[in-house]
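**Q** Just so you know, we're using the numbering used here here: the sequence shown kicks off at 688 and counts up by one.
Simulated from the structure, these hints should not be mistaken for lab results. One thing to keep in mind: the hints can contain errors.
[Unchecked claim] DSS-like mimics (lysine-lysine), calculated; alpha carbons at most 27 Å apart, straight line:
hint: 1; residue 1: K796; residue 2: K781
hint: 2; residue 1: K774; residue 2: K726
hint: 3; residue 1: K796; residue 2: K779
hint: 4; residue 1: K779; residue 2: K726
[Unchecked claim] Pairwise CB distance ranges (calculated):
hint: 5; residue 1: R749; residue 2: A792; range: 27 to 33 Å
hint: 6; residue 1: C760; residue 2: C798; range: 18 to 24 Å
hint: 7; residue 1: N759; residue 2: Y797; range: 18 to 24 Å
hint: 8; residue 1: K796; residue 2: K766; range: 19 to 25 Å
hint: 9; residue 1: A752; residue 2: Q773; range: 29 to 35 Å
hint: 10; residue 1: R747; residue 2: T799; range: 18 to 24 Å
hint: 11; residue 1: T786; residue 2: S730; range: 30 to 36 Å
hint: 12; residue 1: M753; residue 2: E790; range: 32 to 38 Å
hint: 13; residue 1: T799; residue 2: E755; range: 16 to 22 Å
hint: 14; residue 1: M753; residue 2: G725; range: 17 to 23 Å
hint: 15; residue 1: R747; residue 2: S769; range: 19 to 25 Å
From the three backbone atoms N, C-alpha and C, an ideal C-beta is built for every residue, glycine too.
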Amino acid sequence: MSDRCISAEKRCDGVYDDCGDGSNLDEINCNRNATCVGKFICSESTSGPSCIDWSQHCDRERHCAMGEDELNCRKEEVKYLSCENQKQMVPKQKWCDGTADCEDASDEKYCT
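Model the full assembly from the supplied sequences, consistent with the hints where possible.
**A** Take a look at the structure:
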């Protein structure tokens with residue numbers, strides 16, 4: 688274990704080994720869901736947890752390091768996604784397309 692301090696910004700930032708000793712202590716007890724709100728959470732790899740936009744889930748392209756974004760997908764699996772306000776369903780292909788289709792614009796909220 689390192690005696691080195693790290694800045695608060697590096698705590699729970701999803702980057703492993705900020706401490707420089709291989710301990711990954713700065714990523715323990717982090718709520719990775721908080722950094723991936725509104726996104727598909729990929730499993731942890733050597734670089735730590737990551738997430739992708741839901742529009743990339745089951746799109747027949749591997750975006751997660753372990754490929755779990757394409758596992759157990761059916762051709763017809765997800766056609767519509769619910770807006771955050773739960774008032775509308777918007778076609779998946781319209782999410783993250785640069786145009787707000789949900790009343791609350793949540794279909795454009797978490798895009799990268």
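**Q** If a hint holds in the structure, say so; if it doesn't, say that too.
**A** Against the structure, the hints come out as follows:
1. K796 to K781: holds (12 Å)
2. K774 to K726: Distance ~19 Å between K774 and K726 Cα, so the pair holds.
3. K796 to K779: With Cα atoms ~14 Å apart, K796 and K779 stay inside 27 Å; holds.
4. K779 to K726: holds (13 Å)
5. R749 to A792: 27 to 33 Å: holds (29 Å)
6. C760 to C798: 18 to 24 Å: Check passed, 21 Å falls within 18 to 24 Å.
7. N759 to Y797: 18 to 24 Å: Cβ of N759 to Cβ of Y797: about 23 Å, so the range 18 to 24 Å holds.
8. K796 to K766: 19 to 25 Å: holds (20 Å)
9. A752 to Q773: 29 to 35 Å: Given about 32 Å between the Cβ atoms, the range holds.
10. R747 to T799: 18 to 24 Å: holds (20 Å)
11. T786 to S730: 30 to 36 Å: Given a distance of about 32 Å, which is inside 30 to 36 Å, the answer is holds.
12. M753 to E790: 32 to 38 Å: For M753 and E790 the Cβ distance comes to about 36 Å; the hint holds.
13. T799 to E755: 16 to 22 Å: 18 Å Cβ-Cβ, so the 16 to 22 Å window holds.
14. M753 to G725: 17 to 23 Å: For M753 and G725 the Cβ distance comes to about 21 Å; the hint holds.
15. R747 to S769: 19 to 25 Å: About 22 Å separates the Cβ atoms of R747 and S769, which means 19 to 25 Å holds.
When the structure is compared with the earlier hints, no violation turns up for any of them.
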